[in-house]
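Undergrad: Sequence:
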Amino acid sequence: MADEFDVIVIGAGPAGENVVDRAVRGGLTAAIVEERLAGGECSYWACVPSKALLRPIDLAAEVSRVPGLSLGPIDVDKVLARRDEAVSGYDDAGQVRWVESVPAEFVRGRGRLDGPKRVRVTTDTGEERVLTARQAVVLATGSTAAIPRTPGLAEASPWTSHEVTAASSVPERLIVIGGGVVACEMAQAMHGLGARQTTVLVRGGRLLNRMEPFAGELLAESFAEAGIDVRTHTDVARVERPEPGGKVTVHLPEGPPLEADELLVATGRHPATRNLGLASVGLPEDKPVEVDDSLRATGVEGGWLYAVGDVNGRALLTHMGKYQARICGDVIAARARGDELPAMRDLAGGYGSPQVVFTDPQICAVGRTEEAARADGFRVRVVDYDMGSVTGAYLLGDGYRGKARAVVDEDRKVLLGVTFAGPGAAELLHAATIAVTAEVPLDRLWHAVPSFPTVSEIWLRLLEAYGL
8 MADEFDVIVI
18 GAGPAGENVV
28 DRAVRGGLTA
38 AIVEERLAGG
48 ECSYWACVPS
58 KALLRPIDLA
68 AEVSRVPGLS
78 LGPIDVDKVL
88 ARRDEAVSGY
98 DDAGQVRWVE
108 SVPAEFVRGR
118 GRLDGPKRVR
128 VTTDTGEERV
138 LTARQAVVLA
148 TGSTAAIPRT
158 PGLAEASPWT
168 SHEVTAASSV
178 PERLIVIGGG
188 VVACEMAQAM
198 HGLGARQTTV
208 LVRGGRLLNR
218 MEPFAGELLA
228 ESFAEAGIDV
238 RTHTDVARVE
248 RPEPGGKVTV
258 HLPEGPPLEA
268 DELLVATGRH
278 PATRNLGLAS
288 VGLPEDKPVE
298 VDDSLRATGV
308 EGGWLYAVGD
318 VNGRALLTHM
328 GKYQARICGD
338 VIAARARGDE
348 LPAMRDLAGG
358 YGSPQVVFTD
368 PQICAVGRTE
378 EAARADGFRV
388 RVVDYDMGSV
398 TGAYLLGDGY
408 RGKARAVVDE
418 DRKVLLGVTF
428 AGPGAAELLH
438 AATIAVTAEV
448 PLDRLWHAVP
458 SFPTVSEIWL
468 RLLEAYGL
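Each residue of the sequence shown is one higher than the one before, counting from 8 in the working numbering.
Heads up, some of the hints might be wrong.
Cross-link-like lysine to aspartate or glutamate pairs, in silico, DMTMM-like; alpha carbons within 25 Å at most [as the list claims (entries may be wrong)]: (1) LYS124 to ASP13; (2) LYS254 to ASP242; (3) LYS420 to ASP383; (4) LYS58 to GLU434; (5) LYS124 to ASP98; (6) LYS58 to GLU170.
Keep in mind that the hints were calculated from the coordinates and are not lab data.
Generate coordinates for the entire structure from the input sequences, incorporating the hints supplied.
TA: Written out as structure tokens, the structure is:
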């Protein structure tokens, strides 16, 4: 096997795969190194399995809102079986075949930097192989779940996103620490699949604190109606689990302790840079790899190192990692040819990454929140509208509740951010993403006529409320 390639990528998740695809498309040779499964965290322990678990919960809620329809109990075994099918039974043979069809070389093992343009790979058997890059090395190692330094927490072997999405059974009692996307999605999924006593402990004052406040408020109302106990302004003092896999006890600073069969920690993620060999090229260990807008690592002599996806800390979202990867692969190929293409820059990240929280109600947003826009110095006007008053929403079912918000730059008359919260709202997001990233003027956007009777008529109502 050859040990020299134009491009070497460490990490075969969605971001790494896209770098390889674009680099080879640009005429370069490539190798990709992966310690676990080709396809990465998203394919096996995050995006794909979590949405497979959430879909029955979403559908059950939708059916419950439509008079004349009823749905029996969810068959949990079949839901878990479909989750296993969605992740290909945790077998990456298909993904490896795809990499080889690009064509690129797939190298199974742990890769780490070993000086400029060198990657040392250690296999499961302890064998080592050194790969050399002619043009670039790309880090696409993603991120890992953060475990707070709460006494007894790590020793209790809690679930993270990795374990909860791969669960072979549903605990009767579940405690979730965190109030972000993973915490909210998995609390609702596990509760809907049988975790009858589900408690969510949130250090801050609300769920989804990086989004518009009304989004977390609507979700909290949904959780309360479903019987999920959400406790805000709640810290964890210590955790006890005397027997591995046994009952877990969570002690709070005040009040009686909580007991559960399982504990999920969803308090954020760290870039996966530990033991990646960053010190060998003069970069700090265990921190995000800082990059410029062409995804090239800053502070590395020669400009041969790149980082895409979670590992650079810019936007910890799969679709943004893939977007960065496409830019990165194209940039490397262009520079290998001696070209400099100004269009190949990370533009979307500067506008605010689109994101969907696949709960019921669904929460989706792109761009800046009102608070962020004001903090960035924009002269802002905010327009809100009740999504439940749109005819298309009423036709989806009784009791539809939702809200839309548009954050407008009053100087340029363009959208800085849009948030939707409501059942089925996720499919509205891409139109908002186009409007925000393309900076479509509001008086031009007014001529994009939504169909009747659809929920997308919310666009017309928002613009009318603005005064157009």
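Undergrad: Against each hint, give a clear statement of whether it holds in the structure.
TA: Here is how each hint holds up against the structure:
Distance hint between LYS124 and ASP13 is fulfilled; the C-alpha atoms sit about 10 Å from each other, no more than 25 Å. Restraint check: the Cα-Cα separation between LYS254 and ASP242 comes to about 20 Å, which is no more than 25 Å; the hinted pair holds. Taken as a hint, the LYS420 and ASP383 pair is honoured in the structure, with Cα atoms around 16 Å apart against an allowance of 25 Å. Of the supplied pair hints, the one linking LYS58 and GLU434 holds, its CA atoms being roughly 15 Å apart against a limit of 25 Å.
Only pairs whose Cα atoms come within 25 Å are accepted, and LYS124 paired with ASP98 is rejected, the gap being roughly 31 Å. Of the pairs offered as hints, the one joining LYS58 and GLU170 holds, with about 15 Å between alpha carbons and a cut-off of 25 Å not exceeded.
Violated hint for the displayed structure: number 5, the only one.
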